[in-house]
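Please model the complete structure; the sequences and the hints are all you need to start from.
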Amino acid sequence: MEDYRTYELTELVDLLAKRTATYTQLMADGYSDGEEFAQIEKDILGLQKEILRKMGIDDPPDKLSTDKL
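Using this note's numbering, read the sequence shown as starting at 1 and increasing by one per residue.
Quick caveat, the hints were computed from the structure, so don't treat them as lab data. Where hints are given, some of them may not hold.
To be verified - Once the Cα atoms are required to be at most 20 Å apart in a straight line, the calculated SDA-like pairs of lysine to any residue come out as:
hint, residue 1, residue 2
1, K18, E35
2, K18, K49
3, K54, E35
What the hints assert, rightly or not - So the derived label-pair ranges between C-beta atoms look like this:
hint, residue 1, residue 2, range
4, D3, I57, 18 to 24 Å
5, L9, D29, 27 to 33 Å
6, E2, T24, 31 to 37 Å
7, E8, L45, 14 to 20 Å
8, Y31, D59, 31 to 37 Å
Glycine included, C-beta positions come from ideal geometry on N, C-alpha and C.
Structural data, given as structure tokens:
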């Protein structure tokens, strides 16, 4: 069971890293507006919340931040 949870967390962190890289590249290229950018931001926030849940934090904050990206 513990190995599966570790696997799930690893997959979520990998996906978060990929979405964060895309987000950062769009910012660097000056594309910080639009639907795709907004969706990536939502994806990142959702992944952050899911990672917290998998780590045992059952009530993650409703609003997380992408400010530190």
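Verification of the hints:
The suggested pairing of K18 with E35 holds, with an alpha-carbon distance near 18 Å, which does not exceed 20 Å. Proximity of K18 to K49 is assessed by CA-CA distance (about 16 Å); at most 20 Å being required, the pair is judged to hold. Restraint check for K54 and E35: the C-alpha separation of about 28 Å exceeds 20 Å, so the hint is violated. Remark: the range hint 18 to 24 Å for D3 to I57 is upheld by a beta-carbon distance near 20 Å.
In this structure, L9 and D29 meet the distance hint of 27 to 33 Å, their C-beta atoms being roughly 30 Å apart. Our hint of 31 to 37 Å for E2 and T24 holds, since their Cβ atoms are close to 32 Å apart. Distance hint for E8 and L45: a CB-CB separation of about 18 Å, consistent with the stated range 14 to 20 Å. For Y31 paired with D59, a C-beta distance near 34 Å keeps the hint of 31 to 37 Å intact.
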